[in-house]
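Chains as they are written, first to last, in the numbering used here: chain B, -3 to 432; chain A, -3 to 432; chain S, -3 to 432; chain Y, -3 to 432.
Think of the hints as simulated: they come from the structure by calculation, not from any bench.
Keep in mind that a hint or two might mislead.
If several chains are the same, the list does not tell them apart, and a pair holds so long as it fits within one copy or across any two.
Said to hold, decoys possible - BS3-like mimics (lysine-lysine), calculated; alpha carbons at most 30 Å apart, straight line:
#1 Lys218 <-> Lys323
#2 Lys257 <-> Lys199
#3 Lys199 <-> Lys132
#4 Lys32 <-> Lys410
#5 Lys113 <-> Lys199
#6 Lys88 <-> Lys374
#7 Lys374 <-> Lys257
#8 Lys113 <-> Lys374
#9 Lys380 <-> Lys410
#10 Lys168 <-> Lys410
#11 Lys32 <-> Lys380
#12 Lys368 <-> Lys199
#13 Lys218 <-> Lys168
#14 Lys6 <-> Lys132
#15 Lys323 <-> Lys113
#16 Lys257 <-> Lys368
#17 Lys32 <-> Lys113
#18 Lys374 <-> Lys199
#19 Lys6 <-> Lys374
#20 Lys257 <-> Lys410
#21 Lys199 <-> Lys32
Number of protein chains: 4
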Amino acid sequence: MREYFPGIGKIAFEGGCSDNPLAFKHYNAEEVVAGKTMADHLRFAVCYWHTFKGTGSDPFGPGTLIRPWDEPERPMEAAEACLRAAFEFFTKLGVGLWCFHDRDIAPEADNLAETNKRLDKIVDLAEQLQQDTGMKLLWGTTNAFSHRRFMAGASTNPSPAVFAYAASQVKKAMEVTQRLGGAGYVFWGGREGYDTLLNTDLKRELDHLARFLQMAVDYKQKIRFDGQLYIEPKPKEPTKHQYDFDAATVIGFLVQHGLDKEIKLNVEANHATLAAHDFQHDLMVAAANGMLGSIDANRGDLLIGWDTDQFPTNLYDTTLAMLTVLKMGGFTTGGLNFDAKVRRQSIDLEDLFHAHIGGMDAFARGLKIAAKITEDGKFDALLKQRYCGWEEGVGARIERGEVGFEELEAYTLKHGEPAVQSGRQEMLENLLNEYL
Amino acid sequence: MREYFPGIGKIAFEGGCSDNPLAFKHYNAEEVVAGKTMADHLRFAVCYWHTFKGTGSDPFGPGTLIRPWDEPERPMEAAEACLRAAFEFFTKLGVGLWCFHDRDIAPEADNLAETNKRLDKIVDLAEQLQQDTGMKLLWGTTNAFSHRRFMAGASTNPSPAVFAYAASQVKKAMEVTQRLGGAGYVFWGGREGYDTLLNTDLKRELDHLARFLQMAVDYKQKIRFDGQLYIEPKPKEPTKHQYDFDAATVIGFLVQHGLDKEIKLNVEANHATLAAHDFQHDLMVAAANGMLGSIDANRGDLLIGWDTDQFPTNLYDTTLAMLTVLKMGGFTTGGLNFDAKVRRQSIDLEDLFHAHIGGMDAFARGLKIAAKITEDGKFDALLKQRYCGWEEGVGARIERGEVGFEELEAYTLKHGEPAVQSGRQEMLENLLNEYL
Amino acid sequence: MREYFPGIGKIAFEGGCSDNPLAFKHYNAEEVVAGKTMADHLRFAVCYWHTFKGTGSDPFGPGTLIRPWDEPERPMEAAEACLRAAFEFFTKLGVGLWCFHDRDIAPEADNLAETNKRLDKIVDLAEQLQQDTGMKLLWGTTNAFSHRRFMAGASTNPSPAVFAYAASQVKKAMEVTQRLGGAGYVFWGGREGYDTLLNTDLKRELDHLARFLQMAVDYKQKIRFDGQLYIEPKPKEPTKHQYDFDAATVIGFLVQHGLDKEIKLNVEANHATLAAHDFQHDLMVAAANGMLGSIDANRGDLLIGWDTDQFPTNLYDTTLAMLTVLKMGGFTTGGLNFDAKVRRQSIDLEDLFHAHIGGMDAFARGLKIAAKITEDGKFDALLKQRYCGWEEGVGARIERGEVGFEELEAYTLKHGEPAVQSGRQEMLENLLNEYL
Amino acid sequence: MREYFPGIGKIAFEGGCSDNPLAFKHYNAEEVVAGKTMADHLRFAVCYWHTFKGTGSDPFGPGTLIRPWDEPERPMEAAEACLRAAFEFFTKLGVGLWCFHDRDIAPEADNLAETNKRLDKIVDLAEQLQQDTGMKLLWGTTNAFSHRRFMAGASTNPSPAVFAYAASQVKKAMEVTQRLGGAGYVFWGGREGYDTLLNTDLKRELDHLARFLQMAVDYKQKIRFDGQLYIEPKPKEPTKHQYDFDAATVIGFLVQHGLDKEIKLNVEANHATLAAHDFQHDLMVAAANGMLGSIDANRGDLLIGWDTDQFPTNLYDTTLAMLTVLKMGGFTTGGLNFDAKVRRQSIDLEDLFHAHIGGMDAFARGLKIAAKITEDGKFDALLKQRYCGWEEGVGARIERGEVGFEELEAYTLKHGEPAVQSGRQEMLENLLNEYL
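Just chain B, same shape as in the assembly (with noise of 0.2 Å):
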């Protein structure tokens, strides 16, 4: 079997003193934080379509990126090479989720059915690879907006023969997903939304969106594919506006059609920044709704108004996530998946392996970290203490809805002027730096 990136073995977890840049300093699978192995809190995965079908291509550019595994003139066994690939990627890496896209894995051929075979040989190899390999799906999804097909979108497009088309996509996909024991399907929908107003009937096409979604519940339970579905909210790019936003638009419409039961978010850093969000916060208005199913870990450059995708580094953002997900008592079937590319410059095999180390490393010390921060439990006292007037008294009755305006009047004109107590930013900021 060839060796797609010889000379680099299974990454090791070497410790902090190391300065191997290819093992893990804070990384170390089995170590148990809160309970827990690392490898299952974090549940990292892999992402089929940066990382093995990135190019390296940008608007002013084509691909850099030169791969062993591309053989572009026999595209059925470039598709058998690249997941070979990857899966000995993976196992080098020591990961052990993955995430695709169908048209990632193989390529589209002349019509659907062809497509759909061509589909299906490649899921027989990867569910072997997976067999051999102990890998496992995190989740599956389709891509519906590359094709020219789908450039004024895939559920919500004015011709229903292209929602047709998108639906015979997600069907397959999500057979597929489930075949290779998915623990999740995720619905991007990079083109649902509008480029202009001028040609848009906007509620027309959130009709279609929610009538759409429902025909994904319905199917999914009609094959009983037990994986949970998510939705990724991302406010714009490649349209000037996504009708998935971000966690509060997105969580607004499930519930508006009835669909919040049966679809959680997967919620990435970066689409998060671009909606002029911080990553935590989409994440805790998720887990607020008891929505958060999973994350696309990366992270963008505030400064930059397109999706950077760049791995995440940033030691406050993985510390506030994991915050996050440790509160909500940690991943059922989600995971943290590398939404990532390496820069265009980074044309070496290694610079794959740097980037997954980087993040895997930085996701850990955010781990341990957070598991620090809530064993010792002063943000949460601080925050009990801030809040301390609702379990009692008159704030005890709002919340029990016993009271309303008059009452409160009253309440007011007994007791006058409210104390106010200071927010203590400041003091918080530096207690968050000591935990770093």
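Fit chains A, S and Y to the given chain B structure using the hints.
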């Protein structure tokens, strides 16, 4: 009676050939457009806070606007003078509606009981001035964000005593709005959000916000106030994050809490753009849900990251806004409130007239253009054609819920690759330009 | 000769009453406005890259635009076909100028010598087609950003071999520009910047950039190329930071390196707004320094953080741009180049015409409005009045350098508090609206 | 003498194990790092305006911070009380430097002569308090942006009388800065810009700005003030556009007007990010030009579009800033001035200590990490290697100006396609993380 704007008479409509800057060139109140007078279509309102209480201060300097009605030594006399000046302005401008916060019109006293008395006193005068002039109240609201007690929020404050205080204020403000015949009541939760997640229990605060709104709905029913309740979305400022982020977020929240039949939206242009949406986007989202109630007519500077609250003059914006308003059948309780302020350097009293005349003329032009577009039907025809696939066949069956993934896969396998059509954005943009 | 745009004839001026979308309603090439024909004022150019080589691809999908001149199997035949199609388009559109990158018109070969031969061959054809049609070249340029070798910059690359390669390309591109009678040559340094400061020697790269430009100036003089050199600022994209950030940065850099007499600016609307400036701001900054050479006429979406390169249709923008152009006395070597692309969904050949017609009409209207404003002189008079204090007295003495801090302190102590006057922004904005 | 911060003693260094929030955990003034004490490296200064005059007000509400030294009824007594409180704070905090605007320390009177007298009186006290405590002045400045007279600018005002007034203020402020032994004098032109181009003669205003700065240089030489002059760039706010946009713009402007030998830059973190630059970018641009004089140490919120002036706590920022400072050889006249304010909700006096302690600890950590990085030399070695081609051969000849386009074309034709190397961004980011 003292005259506050001497030398300025009633602003007249002089038509497009006039070069009198203190005349309307486009707004002709009684002119009938698309079946109604301009006045009835546009329902302009002057806001009290910016126009009469605005000082021109900003974070880098105190006020520049010296007004003849400012007599700060005697607060109640100053309040009366200001109200009389306002009604003189309304009358000279020829606008029929106004809006206010409780604390704009009457200064706060040492305690709530005394403050309420002051408010009653000023409302007596307002009632009389309304009677004398024929002015009506578009909506009232409370200011529960300026005072120190609200620094950490009103209904989302960590302290139940502040929640109670805010409830008392809203109760009273709703009562005086009712007394003045207000057609609506607005909630803009300037501090309903957070500055840092480190000290915030987001879920609890959101629950309190819902509780508060329910109390407001209950009290409204109790006192039989027949005005419409509105929430005015804003994404941030003064807070880092405001819970009422944008139209979609607010609608989702209202649906989630069973409040969407009771509360509509007051959409502000500058708030929409601060949330990274076109003004028209937020109007359309609200209208698509049957929840576009009223509009705060201003504009931001899209290259500036704070609320500039400039007077609306952009004809593209006013045209597209009025297109959406016409499409939904026009305002019922709502209107166009100029939540806009003259620039810090616009220190002359005359500038207040220029500002409002410009805004009114810009919306009058927008209305006329939108009416022409609607009448011609070109855009509608193109839109209809783009979505015609949904009127019959598989499109109609999808909309009626008669098919699922399996039927659609069969359809796709049978019909093959869908046809695609040009989105024609450039042609549509050119067409729009021809109407301007 | 094959016709690439069958069914579309020469675009005619039909005036504002026409509802033929494939006619000019405002642009009448020979009509005289402010002493010159519209054609002479506006000097429209079509860009080769977007209009003939653009595919509609974006980071989330490959191209959607299928062109009859694409024959990718035989690159040189395809290049010739494309050039012929372009000249057919130019002629039918009735535009007199074009712009290109070397790599747009002729495909790169295996080595530079061969690539240059290919370029020469296509330039032969271009020369003949120019002669046949009367078309002229507004400016030429090189593409030193798409190829993998330039991934870390061209003149600011860490490798001197890449610097040398870029120099070789510019040398050749300047030669062919000269041969085609180009009125100018543009530097847009798409990758002259950095992705991360961690691997960047910023000072050294800036020095290399200056060295490179000096070489270009030297070579231009050597070959007696009499076209104007321009730098086109852009703040970022594809790089995180581009050294030619905006007009002010470029001007400062040119002054610092003694290049400001040799190189002017080509200001692009969308690049200005990506740098958080109004389009007119960057035009004015360049014009104020006598360095506004040419314009890339497009528009961005101010709510979107990447270069959307849309066709210019906003009448405010075209009016204010033409006001600045008229004020500086009109273009000499420069013109209005449509560095703009049809949307990904605008897949019809006709859309290319709609796009350019819309842009030309929008600038024709902008020109006529700007000419009217200039002729009326109202804005000028108000500006003159605002600054009249500098024409005599202490103002004139300050400007002449006759006084310093001590004299001014004495002046202030004597004259006391300065008078202030309204900035009259609202009145001016209304006045502008009256011209539209 | 009244104690303004009772219960808080001198802040001590207690080391990383301390959990006393009112102790330093990292900043140990006398500890030697990289050859100098921390105090000498960091040269912390407290700013007078935010820390002692800040009220917590924002555009949506008046102040929340009630200070024991506020006695607004008697302005001069209040000014003295405030100054004494400030020196108590400086002493307890253990910081050696401070900064102020003239109008912070002494209130404006009815005319300039009287205002100057007040200023002299307070400066007498400041001089004595400096002597008593050993405090030094990092820099002084004038406030020529808050007063109504400056609403349209100071040196760029349309009125020469305002220019003269500003000159008088700067003259006096420079004199008192000299008297207090200030190591520098800063120009931050808060209103040196415009609100609308419709009423602005941009070129004339820029010329006036240059004239003004030249006068300041002249006067400085005349009075033999030996402090360093600085300009502090900011892109906007309060104006729409500020002429001193960012480091590159200011440097270009200074060079253009022959002022670059006389004036350096005071770079503020939050101003850099408002200009869409990383903090480190603007530091590097200034340092690359030998013009990095001093730093305003704060931070913004990159998702917020206004100046939040938060205390610096981000360890990435402090590390990268100190790396740049170490690389340029450390501060000479400059230092780290905390131009930062406690949040509106941070109403306790103790919060002022938390804020400064956090900022000082964050920079102390940044310094230690940067010193370690510098000492290890790994980043330097990688950088050197990346640019090694310039040390000899064609690279060296390019840098020495020995070759032009022709030689480089010959070089390229001979050597063929340049080799490319990975930019290694992920590896470098991981390496940086290992130092934190």
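Hint check:
1. Within a single copy, Lys218 and Lys323 get their C-alpha atoms no closer than 34 Å, and across copies no closer than 41 Å, so neither meets the 30 Å cut-off.
2. In this homomeric assembly, Lys257 and Lys199 come within 30 Å of each other (Cα to Cα) both inside a single copy, at 23 Å, and across copies, at 18 Å.
3. For the identical chains of this complex, Lys199 and Lys132 are neighbours neither inside a copy (39 Å) nor across copies (34 Å), given an alpha-carbon limit of 30 Å.
4. Taking the closest pair of Cα atoms, Lys32 and Lys410 never come within 30 Å of each other, the shortest separation being 52 Å inside a single copy and 51 Å across copies.
5. In this homomeric assembly, Lys113 and Lys199 never come within 30 Å of each other (Cα to Cα): the closest approach is 36 Å inside a single copy and 47 Å across copies.
6. For a Cα distance limit of 30 Å, the shortest separation of Lys88 from Lys374 across copies, 27 Å, qualifies, whereas the shortest one inside one copy, 39 Å, does not.
7. In the homo-oligomer, the alpha carbons of Lys374 and Lys257 never lie at most 30 Å apart, since the shortest distance is 34 Å inside one protomer and 42 Å across protomers.
8. Within a single copy, Lys113 and Lys374 get their C-alpha atoms no closer than 57 Å, and across copies no closer than 45 Å, so neither meets the 30 Å cut-off.
9. In this homomeric assembly, Lys380 and Lys410 come within 30 Å of each other (Cα to Cα) only inside a single copy, at 26 Å, whereas the closest approach across copies is 61 Å.
10. Proximity of Lys168 to Lys410 under the C-alpha cut-off of 30 Å is restricted to the inter-copy arrangement: shortest distance 16 Å between copies versus 66 Å within a copy.
11. Taking the shortest alpha-carbon separations for Lys32 and Lys380, only the intra-copy value of 26 Å comes in at or below 30 Å, while the best inter-copy value is 44 Å.
12. In this assembly of identical chains, Lys368 and Lys199 lie within 30 Å of each other by CA distance solely across copies; the values are 23 Å between and 48 Å within a copy.
13. For the homomeric pair Lys218 and Lys168, the shortest alpha-carbon distance inside one copy (13 Å) is at most 30 Å, but the shortest distance between copies (55 Å) is not.
14. When the C-alpha separation of Lys6 and Lys132 is checked against a cutoff of 30 Å, the pair qualifies only within one copy, where the shortest distance is 18 Å, while the shortest distance between copies is 58 Å.
15. In this homomeric assembly, Lys323 and Lys113 never come within 30 Å of each other (Cα to Cα): the closest approach is 44 Å inside a single copy and 48 Å across copies.
16. For the homomeric pair Lys257 and Lys368, neither the shortest alpha-carbon distance inside one copy (33 Å) nor that between copies (46 Å) is at most 30 Å.
17. Taking identical chains as interchangeable, the C-alpha atoms of Lys32 and Lys113 are never at most 30 Å apart, the minima being 41 Å within one chain and 62 Å between chains.
18. When the C-alpha separation of Lys374 and Lys199 is checked against a cutoff of 30 Å, the pair qualifies only between copies, where the shortest distance is 20 Å, while the shortest distance within a copy is 47 Å.
19. Taking the closest pair of Cα atoms, Lys6 and Lys374 come within 30 Å of each other only across two copies (25 Å); inside a single copy the shortest separation is 39 Å, beyond that limit.
20. With identical chains, the CA atoms of Lys257 and Lys410 are never at most 30 Å apart, being 44 Å at best within one copy and 34 Å at best between copies.
21. In this assembly of identical chains, the alpha carbons of Lys199 and Lys32 lie at most 30 Å apart only when taken from different copies (27 Å versus 46 Å within one copy).
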